[in-house]
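**Q** Chain residues, written in single-letter form:
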Amino acid sequence: SAVISQKPSRDICQRGTSLTIQCQVDSQVTMMFWYRQQPGQSLTLIATANQGSEATYESGFVIDKFPISRPNLTFSTLTVSNMSPEDSSIYLCSVGQGGNEQFFGPGTRLTVL
Amino acid sequence: ILNVEQSPQSLHVQEGDSTNFTCSFPSSNFYALHWYRWETAKSPEALFVMTLNGDEKKKGRISATLNTKEGYSYLYIKGSQPEDSATYLCAFSDSGYALNFGKGTSLLVTP
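Top to bottom, those sequences are chains A and B. Be aware that the first sequence starts at 1, since it is given in the working numbering, and climbs by one per residue. Be aware that the second sequence starts at 1001, since it is given in the working numbering, and climbs by one per residue.
Calculated directly from the structure, the hints in this document are not laboratory data. In this text, all values refer to a predicted model and were calculated from it rather than measured experimentally. Where is the CB? At the ideal position from N, CA and C, for every residue including glycine. Just so you know, not all the hints are guaranteed correct.
Unchecked claim - A few chain A positions that, by computed beta-carbon distances, are all more than 10 Å from chain B:
(1) S9
(2) R15
(3) L19
(4) G40
(5) L43
(6) T44
(7) S53
(8) S69
(9) P71
(10) N82
(11) F104
(12) G105
(13) P106
(14) G107
Claimed, not checked - DMTMM-like cross-link-like pairs, simulated, lysine to aspartate or glutamate; straight-line CA separation at most 20 Å:
(15) B:K1103 <-> A:D11
(16) B:K1042 <-> A:D11
(17) B:K1058 <-> A:D26
(18) B:K1103 <-> A:D26
(19) B:K1103 <-> A:E86
(20) B:K1057 <-> A:D87
(21) A:K7 <-> B:E1056
(22) B:K1042 <-> A:E58
(23) B:K1059 <-> B:E1045
(24) B:K1042 <-> A:D26
(25) A:K7 <-> B:E1045
Said to hold, decoys possible - Partner residues are not named here, just some residues of chain B that face chain A (Cβ under 7 Å, in silico):
(26) P1026
(27) F1030
(28) L1047
(29) K1069
(30) G1071
(31) K1103
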């Protein structure tokens, strides 16, 4: 399995600002994913980030709001732009290591005031 | 969006009780069914990945079954312990990549 860390672990932000979340993996992985869980809702996939290509966004998520970088095979960032209280969520990154398994980071707990 | 339903939403049992949860998912285009255990402030922990109809998997006191034809999976915990308290998530995949999660079952085990 992969060991995944995320920074920050939590943050409280003002509306209209942006926050960049970092995801670091202890091994090289091809596929990285970004999910969010809004209060009372399911974990929902935001986008898939593969190194060397543009991120692929799921329906309802756009690059202007959630820009993603994937500079190498062990690191990715997700930015939550122009935040509103509706963006208050837990944001998680995950990695696929072949086969069917996905491993998750500990999450970033974001509160937007 | 693929609809994944989990029941019950929450469960409170006494130490030593056995319990089970249900996950229902679309029965078409099945690729894999995942179970995760998620404690607050920790990473979701992968419990099982199940791909074959009729599959049964076991990890210690926890086991799971899969019926892809009717679109459901059961997770069983035998002899619940306080350390089993967590949210149990199931996730359906039709492609081997994106996971579609249910809202989870929150389990509380009290001594």
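**Q** Could you run down the list of hints and mark each one as holding or not?
**A** Verification of the hints:
A Cβ of chain B approaches the Cβ of S9 (chain A) within 10 Å, the least distance being about 8 Å, so the stated non-interface status is violated. With 10 Å as the threshold on Cβ separation, the claim that R15 (chain A) sits away from chain B holds: the shortest Cβ distance comes to roughly 25 Å. Distance to chain B confirms L19 (chain A) as a non-interface residue, since its nearest Cβ pair spans about 18 Å, more than 10 Å. Residue placement check: G40 (chain A) does not keep its beta carbon more than 10 Å from all beta carbons of chain B (closest about 7 Å).
Remark: the non-interface label on L43 (chain A) conflicts with the geometry, its nearest Cβ contact in chain B lying 4 Å away (cut-off 10 Å). Interface exclusion of T44 (chain A) from chain B breaks down, the closest Cβ pair being 7 Å apart, not more than 10 Å. At roughly 14 Å, the least C-beta separation between S53 (chain A) and chain B is larger than 10 Å, which holds for a residue marked as non-interface. Residue-level check passed: S69 (chain A) sits 20 Å from the nearest beta carbon of chain B, beyond 10 Å.
Against chain B, the non-interface label of P71 (chain A) holds: every CB pair exceeds 10 Å, the least being about 21 Å. Residue-level check passed: N82 (chain A) sits 25 Å from the nearest beta carbon of chain B, beyond 10 Å. Listed as a non-interface residue, F104 (chain A) fails to keep its Cβ farther than 10 Å from every Cβ of chain B; the least gap is roughly 4 Å. Some Cβ of chain B comes within 10 Å of the Cβ of G105 (chain A); the nearest lies about 6 Å off, and the non-interface call is violated.
Non-interface call for P106 (chain A) relative to chain B: violated, since the shortest CB-CB distance, roughly 5 Å, does not exceed 10 Å. For G107 (chain A), the non-interface assignment is contradicted: its Cβ lies about 7 Å from the closest Cβ of chain B, within the 10 Å cut-off. Only pairs whose Cα atoms come within 20 Å are accepted, and K1103 (chain B) paired with D11 (chain A) is rejected, the gap being roughly 23 Å. This hinted pair checks out: K1042 (chain B) and D11 (chain A) have alpha carbons roughly 16 Å apart, not beyond 20 Å.
The hinted pair formed by K1058 (chain B) and D26 (chain A) fails the criterion: a straight-line CA distance of about 28 Å is larger than 20 Å. For the given pair, K1103 (chain B) sits about 29 Å from D26 (chain A) by alpha-carbon distance, which is inconsistent with the 20 Å threshold. Between K1103 (chain B) and E86 (chain A) the alpha-carbon distance is near 18 Å, which keeps this suggested pair within the 20 Å criterion. Between the alpha carbons of K1057 (chain B) and D87 (chain A) the distance comes to roughly 37 Å, so the proposed pair goes past 20 Å and is violated.
Of the supplied pair hints, the one linking K7 (chain A) and E1056 (chain B) is violated, its CA atoms being roughly 37 Å apart against a limit of 20 Å. A C-alpha spacing of about 25 Å is found between K1042 (chain B) and E58 (chain A), which places the hinted pair above 20 Å, so the restraint is violated. Of the pairs offered as hints, the one joining K1059 (chain B) and E1045 (chain B) holds, with about 13 Å between alpha carbons and a cut-off of 20 Å not exceeded. Between K1042 (chain B) and D26 (chain A), the direct Cα distance comes to roughly 17 Å. Compliance with the 20 Å bound is thereby established for this hinted pair.
Between K7 (chain A) and E1045 (chain B) the CA atoms are separated by roughly 19 Å; this keeps the pair inside 20 Å, and the hint holds. With a least beta-carbon distance of about 14 Å to chain A, the hint placing P1026 (chain B) at the interface is violated under the 7 Å criterion. For F1030 (chain B), the interface hint is violated, the least distance from its beta-carbon to any beta-carbon of chain A being 12 Å, above 7 Å. Taking 7 Å as the C-beta contact cut-off toward chain A, the hint placing L1047 (chain B) at the interface is violated, the least distance being around 11 Å.
With its C-beta approaching chain A no nearer than about 19 Å, K1069 (chain B) sits outside the 7 Å limit, and its interface hint is violated. Nearest Cβ of chain A to the Cβ of G1071 (chain B): about 17 Å, over the 7 Å cut. The hint is violated. At a threshold of 7 Å, the smallest CB-CB gap from K1103 (chain B) to chain A is about 5 Å, leaving the interface hint in force.
Hint check: violations occur at hints 1, 4, 5, 6, 11, 12, 13, 14, 15, 17, 18, 20, 21, 22, 26, 27, 28, 29, 30; the rest are consistent with the structure.
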